[in-house]
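J.: Chain by chain, the residues:
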Amino acid sequence: MSTTALPLPAAAAPAVASPWRRAGRRLIRQPAGVIGLIIFVGYLAMALFPSLIAPHNPYRSFDGQALKPPGGQFLFGTDEIGRDILSRVIYGARPALEVGFAAVAIGAVIGALTGFAAGYYNNRPANAVMRLWDGVFAVPAVLIGLLLAATFGPGITVVAVAVGVAAAPALARIARAAALAEGGLGYVEAAEALGYRRRRIFFRHVIPNALGSVIVQLALTMAFAILLESALAFLGVSLQPPAASWGAMLADSRSYIGQAWWYGLFPGLAITLLVLGINLLADAARDALDPRSERSA
Amino acid sequence: MRYLASRLLQAVVVVFGVATVMFFLLRAVPGDPAAVIAGPNASPATIAALRAEYHLNQPLLAQYGNWIASLATGHLGTSIAYQEPVSTLIGQNFDPTLQLLVAAVIIGTAIGLALGVIAATHRRKTADVVVSAFTAGTLGMPAFWTGLLLLLVFAVKLHWVPSGGWANVLTSPAAGLRTLVLPAVTLGLGVGVVQARFVRSAMIQALDGDYVRTARAKGASERSVVWKHALRNALLPLVTITGIQVGVLLGGAVVIEEVFNRPGLGSVVATAISNRDYPVVEGVILVLVAAFCLVNLLTDVAYSFIDPRIRR
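Line by line, the protein sequences give chains A and B. Just so you know, we're using this note's numbering here: the first sequence kicks off at 1 and counts up by one. Just so you know, we're using this note's numbering here: the second sequence kicks off at 1 and counts up by one.
One chain only, chain A, in its complex shape (with noise of 0.2 Å):
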């Protein structure tokens, strides 16, 4: 982190450890924070190695095994067809992280690099954005992703588009908020007076003094791109079978209801318990980020 390439007085900081190192620190001392990361990890894990983790094959119907409760081979049952379900929730991880991540990486640019624009440059064009936004934000995020699935056809990527950009308001309101707070800093001033071009300010200065409050964002962006991804799975617009998707398992079990409830149960408790460990995540990262923290730490 470049945080050192302005001539500060001498009064600032002595060799300390960077800031970034000092919240990654209060973050795993955090009980909360250490839950979320072992969750995610193990998520991550799913999603990298399926193969290896996983007991059957999740496409393959076992003959004769059609909605068995769980036991003996089946540790989670199977479904309509014989397939484990085990196996079809571990490799339902790869799909929901990617929507994740293509999600966040898609907001953090649409969203927040606009809303730190607007904030810096607090220009007609950056504010014109946010007027986007702002409409964006009055649909609701499900008609978002059932519109863009219309039109481009079902399919992750376009789940993907339709997470991220219903999540771009958010991020834009609160990077715009942090760049403006930025911008009335004396040190923006100073790398002005000191005559920087103002994309070096907003690039080197702007945005990584800002980011903090933005990557908790991110971090909330992630588990609402799984829930959005579950939900659009669940109405049939996302992952098309025989894929394994969490959401569309879900859909599948409501026609066995009464005969399986592992059907049901499952793949649901698989969607919470992520989503639980990257708000946990979350949150830990929030109280990490925030300086005044360091004491209770």
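Hints in this document: simulated from the structure, not taken from any laboratory. Any given hint could turn out to be false.
To be verified - Non-contacting residues of chain B with respect to chain A, defined by C-beta distances greater than 12 Å in every case (computed):
(1) Thr-78
(2) Ser-87
(3) Thr-109
(4) Ala-110
(5) Ala-175
(6) Phe-198
(7) Leu-298
(8) Tyr-303
Said to hold, decoys possible - Which bits of chain B does chain A cover? Going by a derived footprint, with three or more residues having C-beta under 8 Å, they are:
(9) 15-22
(10) 122-133
(11) 148-154
(12) 246-258
Said to hold, decoys possible - Examples of chain B residues lying across from chain A (beta carbon under 8 Å, computed):
(13) Leu-25
(14) Leu-26
(15) Trp-145
(16) Trp-160
(17) Ile-273
(18) Ile-285
(19) Val-289
Model, not experiment: these values are computed from the prediction. Ideal placement from N, C-alpha and C gives every residue a C-beta, glycine not left out.
Fit chain B to the known structure of chain A by using the hints.
T.: Relative to chain A, chain B alone:
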């Protein structure tokens, strides 16, 4: 008054902008709606006739102009699949959705207030920890899954309520409530746990306020301090959050109506999207967006009534 006018103008601009974006987006859809209505065995002549009937053969800008002009006079167009005015279709399906949303807001606010106040008055004690664990867990649950679980327990296993359908609460209250309770609790729970977090922090702030110390000093009972003095000041953020949550509710209703096989605007729009029934999709989404803008407008107005300092 001036404030209200500018907010109203803003809402109109938003609705208009959404209408425009949606119009061009839906026209980019591959697939000819005329061919969809005519069916797989229709002759090219029939399809051409249908295209002319729905003005689908006109240039895009002319279609857009026609549509905006008819919108301005309050016409939302005619459904291609049902051959009925979109406004009729919306009218027929409006009540189930409205009743669901109102019930969800009531249930959600009750949950949010109760949990938030309990957590704030028992700060860092067992009750606070239990409430925050409950809200954190519920925040992770997709609403449609909560709905499926409630359906499994209360409809399939216990047979307390039917697993779907709808009846009008106003004309047949008993049947109406039985079909309303599960979907409304499902939607309301999601809203309530979000509100609970805001109520908790607002209440904690209020309970630390000077006026609460004053109220205690003059001998007001703890109950009156909490529910009268502190809560009234903590209500402000709740109003804003509820307004924003209505957007979440509108989207949630689409999914929840699907879970409970309940008629409503959500299922109308879902069906219309798969039928490529543009006028219906556009009409319903516009109505939902307009409703959201209206609610937020009312929220702002309510806010300025509750807290005169905002009127400036």
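J.: Next step is simple, just say for each hint if it's right about the structure.
T.: We went through each hint and held it up to the structure:
Listed as outside the interface, Thr-78/B is consistent with that label: its C-beta sits roughly 19 Å from the nearest C-beta of chain A, beyond the 12 Å cut-off. The beta carbon of Ser-87/B sits about 19 Å from the closest Cβ of chain A, which is more than 12 Å, so the claim that it is off the interface holds. Taking the minimum C-beta to C-beta distance to chain A, about 19 Å, the non-interface status of Thr-109/B holds against the 12 Å cut. Look at Ala-110/B: its CB is around 23 Å from the nearest CB on chain A, clear of 12 Å, so calling it non-interface holds up.
For Ala-175/B, the condition that its CB be more than 12 Å from all CB atoms of chain A holds, with the nearest at approximately 22 Å. With a least CB separation of 15 Å from chain A, Phe-198/B remains clear of the 12 Å interface cut-off, as annotated. Non-interface status of Leu-298/B relative to chain A is upheld: no Cβ of that chain comes within 12 Å, the nearest being about 14 Å off. No Cβ of chain A comes within 12 Å of the Cβ of Tyr-303/B; the nearest lies about 17 Å off, and the non-interface call holds.
With a threshold of 8 Å between beta carbons, the proposed coverage of the stretch 15-22 of chain B by chain A holds, since 5 of its residues qualify and at least three are required. Under the rule that three or more residues need a Cβ within less than 8 Å of chain A, the assignment of the stretch 122-133 of chain B is violated, with 0 such residues. Judged by the Cβ-Cβ criterion of 8 Å, the stretch 148-154 of chain B is covered by chain A as claimed, because 4 of its residues qualify and three suffice. With 8 residues having a beta carbon nearer than 8 Å to a beta carbon of chain A, the stretch 246-258 of chain B meets the requirement of three or more and the stated coverage holds.
The beta carbon of Leu-25/B comes within 5 Å of a beta carbon in chain A, closer than 8 Å, and the hint placing it at the interface holds. Nearest Cβ of chain A to the Cβ of Leu-26/B: about 6 Å, under the 8 Å cut. The hint holds. The interface hint given for Trp-145/B is met, as the beta carbon of that residue sits about 4 Å from the closest beta carbon of chain A, less than 8 Å. The criterion of a C-beta within 8 Å of any C-beta in chain A is not met by Trp-160/B, whose closest approach is roughly 15 Å, and the hint is violated.
The beta carbon of Ile-273/B is positioned within 8 Å of a beta carbon in chain A (closest approach about 4 Å), and the interface hint is therefore held. Evaluation of the Ile-285/B hint against chain A yields a held restraint, the C-beta minimum of about 6 Å falling below 8 Å. The criterion of a C-beta within 8 Å of any C-beta in chain A is met by Val-289/B, whose closest approach is roughly 5 Å, and the hint holds.
Of the numbered hints given earlier, the model fails hints 10, 16; all others are met.
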